[in-house]
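A.B. asks: Next come the chains, spelled out residue by residue.
There are 4 protein chains.
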Amino acid sequence: MTDELFKVKTIGVLTSGGDSPGMNASIRAVVRTAEKFDIKVFGIKHGYFGLINNEIVEIDTHDVSNIIQRGGTFLKSARSDQFRTEEGRAKAAENLKKYDIDALIVIGGDGTFTGANKLSKEHNINVVGVPATIDNDIIGTDETIGYDTALNTALEAIDKIRDTADAHERMFLVEVMGRDTGFIALETSIASGAEVALLPEELTHVDEVKKQLHDMLQAQRRSSLVVVAEGDETGGALKLAEKIKDDFAQYDLRVCILGHTQRGGAPSARDRVLASRLGSAAVKVLNEGHSDIMVGVVNNSLKLTPMRVAISKKKDIDHTLIDLAKTLR
Amino acid sequence: MTDELFKVKTIGVLTSGGDSPGMNASIRAVVRTAEKFDIKVFGIKHGYFGLINNEIVEIDTHDVSNIIQRGGTFLKSARSDQFRTEEGRAKAAENLKKYDIDALIVIGGDGTFTGANKLSKEHNINVVGVPATIDNDIIGTDETIGYDTALNTALEAIDKIRDTADAHERMFLVEVMGRDTGFIALETSIASGAEVALLPEELTHVDEVKKQLHDMLQAQRRSSLVVVAEGDETGGALKLAEKIKDDFAQYDLRVCILGHTQRGGAPSARDRVLASRLGSAAVKVLNEGHSDIMVGVVNNSLKLTPMRVAISKKKDIDHTLIDLAKTLR
Amino acid sequence: MTDELFKVKTIGVLTSGGDSPGMNASIRAVVRTAEKFDIKVFGIKHGYFGLINNEIVEIDTHDVSNIIQRGGTFLKSARSDQFRTEEGRAKAAENLKKYDIDALIVIGGDGTFTGANKLSKEHNINVVGVPATIDNDIIGTDETIGYDTALNTALEAIDKIRDTADAHERMFLVEVMGRDTGFIALETSIASGAEVALLPEELTHVDEVKKQLHDMLQAQRRSSLVVVAEGDETGGALKLAEKIKDDFAQYDLRVCILGHTQRGGAPSARDRVLASRLGSAAVKVLNEGHSDIMVGVVNNSLKLTPMRVAISKKKDIDHTLIDLAKTLR
Amino acid sequence: MTDELFKVKTIGVLTSGGDSPGMNASIRAVVRTAEKFDIKVFGIKHGYFGLINNEIVEIDTHDVSNIIQRGGTFLKSARSDQFRTEEGRAKAAENLKKYDIDALIVIGGDGTFTGANKLSKEHNINVVGVPATIDNDIIGTDETIGYDTALNTALEAIDKIRDTADAHERMFLVEVMGRDTGFIALETSIASGAEVALLPEELTHVDEVKKQLHDMLQAQRRSSLVVVAEGDETGGALKLAEKIKDDFAQYDLRVCILGHTQRGGAPSARDRVLASRLGSAAVKVLNEGHSDIMVGVVNNSLKLTPMRVAISKKKDIDHTLIDLAKTLR
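Residue numbers (my numbering), protein chains in the order written: chain W, 1 to 329; chain Y, 1 to 329; chain H, 1 to 329; chain G, 1 to 329.
Source of the hints: derived by calculation from the structure; they are not laboratory data. Quantities reported herein were computed from a predicted structural model and do not represent experimental measurements. Possibly wrong hints are sitting among the right ones.
Since copy identity is lost for identical chains, a pair holds within one copy or between any two.
Using 27 Å as the maximum straight-line C-alpha spacing, the simulated DSS-like pairs for lysine-lysine come out as follows [to be verified]: (1) Lys121 x Lys45; (2) Lys118 x Lys303; (3) Lys97 x Lys36; (4) Lys243 x Lys118; (5) Lys326 x Lys7; (6) Lys326 x Lys303; (7) Lys314 x Lys36; (8) Lys313 x Lys9; (9) Lys245 x Lys45; (10) Lys326 x Lys40; (11) Lys326 x Lys36; (12) Lys326 x Lys284; (13) Lys118 x Lys40; (14) Lys245 x Lys211; (15) Lys211 x Lys36.
If we strip away everything but chain W, and leave its shape as in the complex, we get (with noise of 0.2 Å):
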């Protein structure tokens, strides 16, 4: 996958898909890495759709002072129908070209690195993908960019709906963003000390909910926070609700979509180290001539993923903390 010959000179930037926080610290290490390697970097904004439309500028360390603290993505984020097609990678080709870029670091989720696999592959451009996303759901890195925030966020607010639920003795039922995995709804449920927590990785029964819950309210327990990822087959917190509230109608449910606060934010300090180990690394491994692979933190070392392997399938959930939440219950 190296090649010894290759030298970049130029590289381009991109955030794309949902942005998460930690994007900003990785762009500047990117920026800070590349200017030690005397690389000339070039700033796509608005993801795939500014490199079809052009939206391509330079960028030096200035222009990153002052970001790495800041949630969301100042390069913006932004979803491209044309990037999906031949001719629009064609053309964003094309656009890389003409500004002399040798190679495309793309920051984002497996959507982002499914159109750079595409872009590489057909046009043979060099590209390296970042994995940037709340969900955790991407494999060849422990955790993704903007995880850790997004669990902290959603913990925190979990953490004042306890309070009112404990204050009145209720029951909440509280989504967390997940469509797909259930990474954020399985760990806040255990930080946050969630009587149950209902994830895409497992089937529900909502009779055993019931029973748990009940069981849980015969011990002396007042109050009861549910957690539920979007994406359990429930159908989120309030299908779940309709589903249950005639068996609790004594405990005045009620529901809490948490939704768009958990992808802002200013990222944690995991994040933030995360974000500039993954830039940084991007940049040194373009530069010693690797591409089409995904750079990633396993077991605290930098791992390479090829890029069709990382887009291959989901992240598998760590079933120690499913038991682990059980146990604690």
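We have chain W already, so just place chains Y, H and G on it with the hints.
C.D. replies: Below, chains Y, H and G alone, put in the same frame as chain W:
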């Protein structure tokens, strides 16, 4: 209203209605001030429900140590349909006599005060109200306990949503609490730099809202935030979204309902100081012989308002702030 | 003070002195309000230093978008010894003329206002002051911009210190900002439930402090917090520690100086609203022909105070709060 | 190390040494897991001091409800000189027998483990250690309980200091905790974008530090942050300031010592999950017959380390992170 001969020896304190951050700080101030006057304090659990059902226990300074910073209420809150009946209140009055409680401090909102007012009239019981609700809708005080914290909680959430709105150049409709009044919606909209705020106090013409949003988006703003009070006549953020989504299809309109997260959390400095002032004042004015009044802070000074006045209407919003919001858009 | 014929066409705005959270929100309000009145705005970087050295640049509504939530000041602040001289101020006045700036809004504390007052008198320049300092020591306004945020920042730090003080049953001396006044010390001591507060406004007898602490420790409290204003006559927390450490040897006395963390951070809801009100009002009163005045909010209404009055003395602390602190210990 | 015949019926749990956020979550996990195994739990207050002085009380699931989110430790911590003596430990062992406690879980750092190791050897008592210290300096676990929270607390403070450093274009020396190791200093310096970090693990040449700062200030940076571990050989931030202040006179050099705020606060999501895993694992491994070991998480899996190994040396810092910090400056 004052009776020089009356000397309070034992007071009861309860929290009732929706909980709000600072209730614990207020209970603490009641207990510690009472101690200085050699007054015994009984804590009544679960509000009027517990008063009727005998959940009454003596509390002292140690019971309230290390609670000033906690959200919720350690005395719990609850609804009591029984207290809405004469029989219920008679039973409550009986219990107060059983414990030789000669005065009652009720911490809550206008529903709480309505009950206290009846109890006072029907059974000649000395009551003082301490205004605590995140809605800030009580007259006789510039602010209610919990309002400032709720404002900051909602604002921090909106700041996070702004991050992702900016990254994606999306439009967000954010619903904040406020069933009858728009205090939270108005102040968070100013503080977050929201493009539009919809309040129960103003007629909302959906066509005008659309026009404002169109004008702003024309003027090179590519993301926008609309803050909607839950009690706005449009029916809240979800209903508003239904009405405008076709006009802003390209902005990938999203809805966020902040919900009960706004009730919890460690109280802000301002709320803890206000709660401490009012809890302490409640004991003092009882000791001076006042009854059937609410304590408040108006223009930085303690103000007493007769209960019947305090419950006669909702507080008006500050119209200079509505003008300010419009100027700064 | 008003002059009906005068019509402002161009204003300058600067931030000076110690920065405080909300300065950016205030600049934003100046720019957006000016726009409504068709007034051009120049931003002056580095306060009076930049005014003398020509760091003057036109700013518009886009320059101030997405800054309402940021701490610090994007116009920067600086000290300027030159501006303390007549020559310096003459040069500043000359620059204002060069840019056709017919009025100046200065955002800062009493040092800032003293300079503006001289500039106004010596060169007949219209100036309006906006009170922004975390110390809250300016008369003519109930609160200064930044005070509420600093209070909450200090309080959150003290809450954390309380955790470890309780775990170890230790005594902590915590120093908060306040060189001449004890506003932060007094309100954080009430809000944190500190055992003792030492303020510049009160004579501190170390023997009395020792006695109070001894009494409290006798009364079964095993940890204690003393909040000390940096300007307290003991000389601050480190010096106090020297004086009392031998008497409390068993409590493993610790000192924490909160320092400059109190200056930064995202402004609170209250500070953003206040900053927005005052920035907007500054433009309006200039436009109405006022000059050499400070805008403030007293009892929830806008109040104008002549500059010479605003700088004539420090604001008094609220003595009812001192009493409250003592009652609740 | 395992003994199939041994069956634990009663365990004691204590926290000792410097407190760290997550200790409560860990105690909760011990109690709830023990309950699943029908094991009785005694809470020992004030660490080894309380073990010697008989502060031992049975605790169950209700005692640990609603504590997962609290900083500090409800079992309190304390130093015990007596436990450092053979007589002290003999008395401790006697008390354990008196209560029929057949195994002890100690939550703390290497000082705590050294004591437990001796107790185990001298009196054949089954002990398991749970690593909890903000310093993260224990081998046998990737992270210690409390480290992630301390990191975020320090980072938030540094972010605030950055606001004021930028506004004034000042230089700040910020001292973070870390007497023997630079984990907090290194990771916060990367995450905050600090210009320089001084760690106990590296020789610090003050002349080089000066040169680096001069170079950066030349390169158009007008503010700068230096993060200093308290255990750096310069002697900490105050001493460093003495050494360099004359060279940077124009930058109005300031020092900030973050101190004990880093110990408190609600634990982060990561710390709560880690504390829950390790607390739960401690019970399980005791039940499986292990003793005189420490539980840790290495590469996302549970790892057991003999106590004598765990206390044999401090954990090494990750040198790839030191390189990263230098690359990103």
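A.B. asks: Run through the hints listed earlier and report the numbers of any the structure violates, in increasing order.
C.D. replies: 4, 7, 8
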